[in-house]
Amino acid sequence: MKDKPILAGLFLANLISLYMIFIWAPPERSLGDSYRVFFIHTPAAWVSYLAFAITFLGSILYLKTEKPMWDLYASSASLLGLLFCLVTLITGSMWAKLAWGIYWNWDPRETSTLILLLVYLAYISFRMSISDKDRKARTSAVLGILAFVSIPLSYFSAVFWATLHPMPLFPINRPQLGIEPSMLLTLAVSMIGVTLLFSWMFYLTLNMYRMTEKAELSLLEIKE
Amino acid sequence: MTKRTMPFLSSSVTFLEDALEILFKDLRLELRRGYEIYSIMVLALLSNLSFGFALGIMNPNVLEFVPAVLWISILFIGMLGFTTVFVREMDKGTIDGLRLAPISPQAILLGKTIYTFMLMCVGAVFIIPSSMIILNYTFRSDYLLVILFLGLGILNIAVVGSMVSALAMYSESRALIIPALSLPLVPGTLVPSILATGKLATGATIDMILSELQLNLAFLLLMVAAFWITFEYVLYD
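Protein chains in written order, with our numbering: chain A, 1 to 224; chain B, 225 to 461.
Hints are computed from structural coordinates only; laboratory data are not their basis.
No experiment lies behind these values; they were computed from the predicted model shown.
Do not take every clue at face value.
[Said to hold, decoys possible] Using 20 Å as the maximum straight-line C-alpha spacing, the simulated EDC-like pairs for lysine to aspartate or glutamate come out as follows:
{"hint": "1", "chain 1": "A", "residue 1": "K97", "chain 2": "A", "residue 2": "D107"}
{"hint": "2", "chain 1": "B", "residue 1": "K316", "chain 2": "B", "residue 2": "E396"}
{"hint": "3", "chain 1": "A", "residue 1": "K136", "chain 2": "B", "residue 2": "D315"}
{"hint": "4", "chain 1": "A", "residue 1": "K97", "chain 2": "A", "residue 2": "D33"}
{"hint": "5", "chain 1": "A", "residue 1": "K136", "chain 2": "B", "residue 2": "E241"}
{"hint": "6", "chain 1": "A", "residue 1": "K67", "chain 2": "A", "residue 2": "D107"}
{"hint": "7", "chain 1": "A", "residue 1": "K67", "chain 2": "A", "residue 2": "E180"}
{"hint": "8", "chain 1": "A", "residue 1": "K133", "chain 2": "B", "residue 2": "E396"}
{"hint": "9", "chain 1": "A", "residue 1": "K136", "chain 2": "A", "residue 2": "E216"}
{"hint": "10", "chain 1": "A", "residue 1": "K214", "chain 2": "A", "residue 2": "D107"}
{"hint": "11", "chain 1": "A", "residue 1": "K64", "chain 2": "A", "residue 2": "D134"}
{"hint": "12", "chain 1": "A", "residue 1": "K136", "chain 2": "B", "residue 2": "E396"}
Generate coordinates for the entire structure from the input sequences, incorporating the hints supplied.
What follows is the structure in structure tokens.
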């Protein structure tokens, strides 16, 4: 099987990442071990943004070329983006409970990520509510572009409004939180591991949709 | 799919005339029926009464709730209007007439957006003064600033609503999809509008609401640009 080396690499990267997160990285001075959740929270957030960016690009390319492949990319990425966005929210809430005493405190960053999740939930429910394939692809592509507009809002809400959330790395206009090199390395490895995991899941989702489409076509042929 | 690039061919005057033609067509229809404006008036009063009962008429902390109450009422009134923008054209089969008309899609969108904006303004004219009486508060800032800021927020919601209505006309569950699409798309303007309205009620000047104003303007620019580019893909089959 040609996928075996890729799968082995993916497994190894995530194994190393897990070792670094739970064993190698030292406990943080004030937060103790609870901060380790960031090594999952941050990569999940990055991957969800990446997935939504793929949805955005897929949507633009579909409108430009009208090739069904781009619609497939957009819809598959949105599904995975939703999943990783949910992981971001859950891990963020877990840490909020430990650090601030409550799971949900209406922090602007937290709220805008929830809105992001709702936008893509609406995108998927919109897709499900249209049966005509071409119409679905075309109108969803438009919605995929509009939905992406809400991402800068989510990102910069931490800059515009008072927030408890740590500042984003860009734009660097305020003092950043101090981070030890070993923690930064763990974060980098975890980022790579989760990105590889996303790539694999994306490949599987694309294949799943392609097979579903083939099965539907075969079913139609049998009926005719 | 027929693609048109009329704005580049027609002069801006013709473009505006086309948009106004669409607006007047919708207004004529609205005035002939009248029940939507009547429903908006009733909903405006009912929402204020409901919030008044919920919050307590003499609540000393009313200013903490008023901005959210106001914008939620405006948003729900907008949603009443969104269904009439494009969905009604689809239901009555008049959408084909719009598609065949020698008008650019952007002019159609502009006409429909102005119509939605006007419908929402009618709602706001009922909501804001009645809420000031029922919830017992007043705006301490300059009234011109209050009107301009509220107008900008309403325009943002109208822009999103028109596009959502255009997308929803293809959906098989239109009644559900309009709120499902518009609610997650509007917080970008709703949150700064609520924050700034709270400040305007306590006498803020333009400097104090500058960041909210910037966010609302950025939202308007982003949305208008996105809709302008993509609308023809929505309108034409």
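Given hint D134 of chain A paired with K64 of chain A - CA-CA distance at most 20 Å: Cα-Cα ~14 Å, so holds.
Hint check: K97 of chain A vs D107 of chain A, CA-CA at most 20 Å. Holds or violated?
The given pair, whose Cα atoms are some 13 Å apart, holds under the 20 Å limit.
Tell me if the straight-line CA distance from K136 of chain A to E241 of chain B falls inside 20 Å.
violated (32 Å)
Has the given pair, K136 of chain A with E216 of chain A, been kept, meaning a C-alpha gap of at most 20 Å?
holds (17 Å)
Practice prompt. Please work out if K136 of chain A and E396 of chain B have their alpha carbons no farther apart than 20 Å.
Written response: holds (11 Å)
Open item on the list: Holds or violated: K316 of chain B and E396 of chain B, Cα atoms, limit 20 Å.
Closed with: holds (15 Å)
20 Å Cα cutoff - pair K133 of chain A, E396 of chain B: holds (13 Å)
Next on the checklist: What's the verdict on K214 of chain A and D107 of chain A, does the C-alpha distance respect the 20 Å limit or exceed it?
Outcome noted: violated (45 Å)
Checklist line | Proposed proximity, D33 of chain A with K97 of chain A (alpha carbon, max 20 Å) | finding: Between K97 of chain A and D33 of chain A the Cα gap is close to 14 Å, so the pair holds against 20 Å.
For the pair supplied as a hint, K67 of chain A and E180 of chain A, is the alpha-carbon distance within the 20 Å limit? violated (47 Å)
- Query: Taken at face value, is the distance from the CA of D107 of chain A to the CA of K67 of chain A at most 20 Å?
  - Reply: With Cα atoms ~41 Å apart, K67 of chain A and D107 of chain A exceed 20 Å; violated.
Keeping to a limit of 20 Å between CA atoms, is the pair of K136 of chain A and D315 of chain B held or broken?
holds (18 Å)
Of the numbered hints stated above, those contradicted by the structure are hints 5, 6, 7, 10, listed in ascending order.
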